[in-house]
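Engineer: Input sequences plus hints: build the corresponding full structure.
So the chains spell out like this:
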Amino acid sequence: DTGVSQDPRHKITKRGQNVTFRCDPISEHNRLYWYRQTLGQGPEFLTYFQNEAQLEKSRLLSDRFSAERPKGSFSTLEIQRTEQGDSAMYLCASSQTGGSTGELFFGEGSRLTVL
Amino acid sequence: AQKITQTQPGMFVQEKEAVTLDCTYDTSDQSYGLFWYKQPSSGEMIFLIYQGSYDEQNATEGRYSLNFQKARKSANLVISASQLGDSAMYFCAMRAAGNTGKLIFGQGTTLQVKP
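Chains as they are written, first to last, in my numbering: chain S, 1 to 115; chain D, 1 to 115.
No wet-lab data here; the hints were simulated from the structure.
Think of the CB as a built atom: it goes at the ideal place given N, C-alpha and C, for glycine as much as any other residue.
Hints are supplied without guarantee of correctness; some may be wrong.
Chain S side only, calculated, beta carbon under 7 Å to chain D, not exhaustive [to be verified]: (1) Q41; (2) G85; (3) D86; (4) L104; (5) G109.
Computed far set for chain D versus chain S, every beta-carbon distance over 10 Å [claimed, not checked]: (6) K16; (7) N67; (8) Q112.
Structural biologist: What follows is the structure, encoded as structure tokens:
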């Protein structure tokens, strides 16, 4: 098992551009989460999928953000019309319903810098 | 509302000594789970240890142990025999109420191990 993978690892973009991040969870995991982490802070929940259904969205997820998990496997997080305040690490995590502890398995993150 | 508080922004410890990282939590739920994660400079969140609210024994995983004091709502992480590779950011987290499995994180503590 290769774990959770995220792509790209780093993205530098100009304000106003659109960016898309991809997350490939652990293959047998049905739950997928996106978090945002700014420097020196803990991860903040953005959204959650169970299979292909997006079941919860944080109020942090403005209209410029959209996430999909079309076939219940990989997920994408798109940010439209990026702003400097979007600069952060975007973390993806996955888990399996009914796991022994319910721990989330995280990828290495996608770091976004908006100039 | 559920909340995790980590009051130590930064900690230093001498190599081979033990260190305690503090975590307090707030919840009205009777059943909950508490987690500790390590985040090295590479960015990946690494699961360390889990404590369930009904677990009678404090959790241990190798050099990590969790000092769970339910009445005080604290779940401190103890790292014994610190190693240079333990230098990282450490996050305490709680599983949110409901059935999403999402975690709520504290602000983290940066640990530096001195040789």
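Engineer: Need the list of violated hint numbers for this structure, in ascending order.
Structural biologist: 2, 3
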